[in-house]
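Taking the hints into account, I'd like the entire structure generated from these sequences.
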Amino acid sequence: MSESRVSRRRVMTLAGLGVAGVAGAAASAGALVRGAIDAPAAAQEAAGAVPFYGDHQAGIVTPAQDRLHFVAFDVITKSRERLVDLLQEWTQAAARMTAGRDAGAIGAVNGAPEAPPDDTGEALDLPPSGLTITVGFGPTLFRDATGADRFGIAAKRPPALADLPRFPHDALDPAISGGDLCVQACAHDPQVAVHAIRNLARIGMGVVSVRWSQLGFGRTSSTSTAQATPRNLFGFKDGTANLKAEETDLLRDQLWVQPGDGPDWMTGGSYLVTRKIRMLIETWDRSPLAEQEAIIGRTKGTGAPLGRQREFDEIDLAAKGADGQPAVPVDSHVRLAHHSVNGGARLLRRGYNFVDGSDGLGRLNAGLFFIAYQRDPRKQFVPIQRSLAGSDALNEYLRHVSSGLFACPRGVRDGGDYLGRALFE
Amino acid sequence: MRPTRVLALACAGAVVAGLSACTAGGQEPGAAGGPVAVSASDTACELASAEVPAGTSVFSIKNGGAKVTEFYVYAPGDRIMGEVENIAPGLTRELHVELPSGTYEAACKPGMIGKGIRTALKVTGSAEPLTADAALADATDSYQRYVRSQTDALLPKTEEFVAAIKAGDVAKAKALYPVARTYWERIEPVAEIFGDLDPKIDGREEVIADGMEFTGFHRLEKDLWATGDISKSGPIADRLLADVKEIVAKANAEKLTPLQLANGAKELLDEVATGKITGEEDRYSHTDLWDFAANLEGSKAAIAALRPALEQRAPDLVKQLDSEFAATEAALGKHRSGDGWKLHNQLSQAELKELSDVINALAEPISKVAATIAAK
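One line per chain: the protein sequences are A and B, in this order. The C-terminal position of the first sequence is numbered 425 in the numbering used here, with every residue numbered one higher than the one before it. The C-terminal position of the second sequence is numbered 376 in the numbering used here, with every residue numbered one higher than the one before it.
Hints are computed from structural coordinates only; laboratory data are not their basis. One or more of the hints may lead you astray.
In silico lysine-lysine, DSS-like type, Cα no more than 27 Å apart, as pairs [what the hints assert, rightly or not]:
| # | chain 1 | residue 1 | chain 2 | residue 2 |
| --- | --- | --- | --- | --- |
| 1 | B | 353 | A | 78 |
| 2 | B | 245 | A | 78 |
| 3 | B | 174 | A | 78 |
| 4 | B | 334 | B | 353 |
| 5 | B | 319 | A | 78 |
| 6 | B | 245 | B | 166 |
| 7 | B | 368 | B | 174 |
| 8 | B | 353 | B | 368 |
| 9 | B | 334 | B | 172 |
| 10 | B | 255 | B | 245 |
| 11 | B | 368 | B | 172 |
| 12 | A | 78 | B | 255 |
Here are some chain A residues pointing at chain B (derived, C-beta under 7 Å) [to be verified]:
| # | residue |
| --- | --- |
| 13 | 112 |
| 14 | 113 |
| 15 | 114 |
| 16 | 115 |
Glycine included, every Cβ here is placed at the ideal spot set by N, Cα and C.
Encoded structure:
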């Protein structure tokens with residue numbers, strides 16, 4: 001079936017004067033306009049494809065895209081065979097969609113008229129848009145709440161995939177927490193990200209059931225030195241001190257699971273922690289600028305650490321202000337999150353802002369969907385969050401309402417490989 | 001790719017009928033092999049050909065208007081033979097429909113309301129229908145027997161329900177309401193063929209069109225449960241019985257095509273997913289699980305009728321359907337209460353989620369049945 005090898009992008013140019021061509025031209029014009037604001041090269045990149053195959057899964061050190069659709073699934077089958085079949089189908093679909101093609105081999109409009117299409121069609125005429133699809137396995141995939149070994153993989157559960165402890169101030173809603181499997185879809189076009197999740201959920205019907213999902217817009221971290229630091233909904237630059245793709249030594253020590261860390265199947269993978277953090281926007285907006293800066297520990301304008309000049313100046317935790325007090329307050333967010341006070345622990349964050357409308361009291365239901373990748377949550381996320389949850393001045397303006405922990409295996413090497421193969425074979 | 005496939009299908013039929021147009025290249029204008037172009041606008045509905053040969057016809061409807069439109073092929077009495085909904089401006093959609101010889105009307109419905117812009121359509125000659133396949137012919141006969149068995153119960157049960165309403169016996173009417181509906185819900189795919197009758201009998205308050213009165217089961221449901229006053233419900237009850245009588249007569253005369261059966265099996269599950277699991281269907285009585293069970297049984301009956309044909313074509317699909325039907329019945333079975341079912345508002349969110357999951361798991365393989373039946 002030659003159609004399936006033609007990317008959506010090529011279809012766009014080939015379609016000529018057809019209906020699809022008109023829509024396609026509009027889409028590409030939109031991409032160009034957006035590109036003109038940044039730089040022409042960025043527009044090219046925003047439309048292009050991110051390689052799917054590799055040693056590591058894409059969507060971790062990939063320069064953070066603008067949009068997110070994240071979903072957690074419960075596995076509802078008892079059959080290991082059906083679960084493995086699904087992982088293989090997902091791998092195929094992910095390889096196609098990240099390349100800008102339809103989810104299924106037949107496509108959205110080429111199948112039998114009596115059959116539902118094997119792609120839902122809303123991404124027809126759209127370029128790959130930097131789509132990445134990243135899959136992880138939750139603790140409950142290995143053992144259920146009663147302790148039963150669901151799929152014969154309990155012995156392979158990595159010690160690092162230990163349930164997260166309860167942190168002070170946690171207000172977690174179980175209905176939007178946890179999950180047996182997760183899929184993170186990031187893209188520069190929200191429709192492309194949503195299309196990816198929608199099709200994977202459709203393919204999984206009967207094997208998995210969507211437990212919860214989250215849309216995000218506006219990346220809140222940069223994961224490459226080539227990216228400018230974006231702002232979160234508090235209006236502050238977020239992710240200045242993030243782990244970045246170019247820091248290969250740090251990535252080895254802090255991000256990728258190394259041989260000998262635990263079961264072999266996770267080598268080359270990374271652990272993912274998600275936290276949906278509701279921001280109490282309205283009260284934050286009423287607090288004075290100086291207080292906001294003292295709470296964060298950076299200036300709101302340039303993002304420089306308090307007491308320093310520029311954004312990327314090293315934070316000086318010892319510096320004293322004119323009043324003799326620490327320039328970076330002892331309960332400020334950047335101090336408590338800093339690796340020097342957390343035994344050197346760092347995270348690769350790639351969170352997104354979210355606004356889920358309003359909450360019925362007229363308040364914005366908004367915040368940060370925090371996403372962090374790391375080599376071992378027990379040594380990284382857990383101590384950092386303990387430090388923050390205990391005394392962070394920011395807590396007054398935050399509510400952690402959802403939490404997730406997932407083991408994201410190494411990348412898919414080639415067309416004969418599939419996500420999680422080393423775990424199941 | 002698609003035109004080739006349709007041509008092949010049409011030629012296969014023609015070969016059986018006696019080696020005619022296909023060997024000559026199948027180039028007759030308006031032949032079953034080529035789509036009939038339909039040019040739809042806000043004010044016109046033009047068919048490239050007013051006459052098509054019997055068999056499977058393909059209509060290619062291009063909406064050149066500014067309003068979203070629909071395209072229907074009606075047999076006499078406005079019996080819907082096939083339809084395409086939601087054709088957005090600028091889009092072209094296809095309708096594949098099997099038409100025996102006779103006179104029909106094609107209709108475009110700009111704005112998706114009213115009787116639409118009608119055009120006469122003549123179907124001539126004879127073609128081996130899709131049901132020439134013995135297993136498929138058996139399927140339609142078998143399902144017709146099922147419909148009769150259900151209408152045989154629907155009529156007396158509706159009569160009992162109506163009598164209770166008119167006697168002012170609220171308790172008895174409440175008890176009979178979900179029972180009478182069971183026979184209705186099992187055969188809903190048939191009912192839906194008869195355009196206006198379905199909303200008259202089973203329309204919910206919010207879906208009643210402007211200028212149409214809110215009647216039928218759900219009107220009486222509201223009287224029984226929301227107001228508790230049925231002193232003025234007699235005329236509505238009489239109307240319901242008259243409408244049910246009419247649909248029973250029509251349904252018993254109707255033979256569904258194998259494709260309609262397959263799509264009906266899927267639509268019944270869609271009904272469960274969108275109306276029953278959400279509690280929208282029986283919002284006053286909360287007897288949604290009765291309807292759920294009936295929809296599931298109806299879907300299973302339609303699949304059962306198709307079973308011999310499916311066994312020939314896709315034995316693995318049959319196995320999957322069997323196991324998913326069993327899983328759905330088991331999940332629903334947890335909510336039995338006496339001879340009936342728990343009320344929708346007695347189920348927790350987690351229990352409803354489980355029901356939603358099993359319905360999705362079953363609907364997925366069922367969505368493959370139509371293409372399996374149409375192939376070959």
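TODO: Verify the proposed pairing of residue 353/B with residue 368/B, using a straight-line Cα cut of 27 Å.
DONE: Given that 27 Å is the threshold and the Cα spacing comes to 24 Å, the pair holds.
Open item on the list: Quick check on the hint: residue 115/A CB to chain B CB, less than 7 Å?
Closed with: holds, 3 Å
Open item on the list: Need the status of pair residue 245/B, residue 166/B: alpha-carbon distance at most 27 Å?
Closed with: holds, 18 Å
TODO: Decide if the proposed pair is consistent with the structure: residue 368/B and residue 172/B, CA atoms, cutoff 27 Å inclusive.
DONE: violated, 42 Å
Task: Supplied contact hint for residue 112/A, tested at 7 Å Cβ to chain B - done: Constraint on residue 112/A satisfied, holds at 5 Å.
TODO: Would you check the hint for residue 353/B and residue 78/A, treating anything up to 27 Å between C-alpha atoms as holding?
DONE: holds, 17 Å
Open item on the list: So if I understand the rule, the pair passes when the alpha-carbon distance is 27 Å or less; does residue 255/B with residue 245/B pass?
Closed with: Holds, at about 18 Å.
Task: Interface hint outcome for residue 114/A [beta carbon to chain B under 7 Å] - done: holds, 4 Å
Task: Pair hint outcome, residue 174/B versus residue 78/A [Cα-Cα no greater than 27 Å] - done: violated, 40 Å
Open item on the list: With the threshold set at 27 Å, check whether the alpha-carbon distance from residue 319/B to residue 78/A stays at or below it.
Closed with: OK: residue 319/B and residue 78/A at ~17 Å, within 27 Å.
Open item on the list: Given the hinted pair residue 368/B and residue 174/B, is their Cα-Cα distance within 27 Å?
Closed with: violated, 38 Å
Open item on the list: Holds or violated: residue 78/A and residue 255/B, Cα atoms, limit 27 Å.
Closed with: violated, 40 Å
Consistency note: the structure conflicts with the earlier hints numbered 2, 3, 7, 11 and 12.
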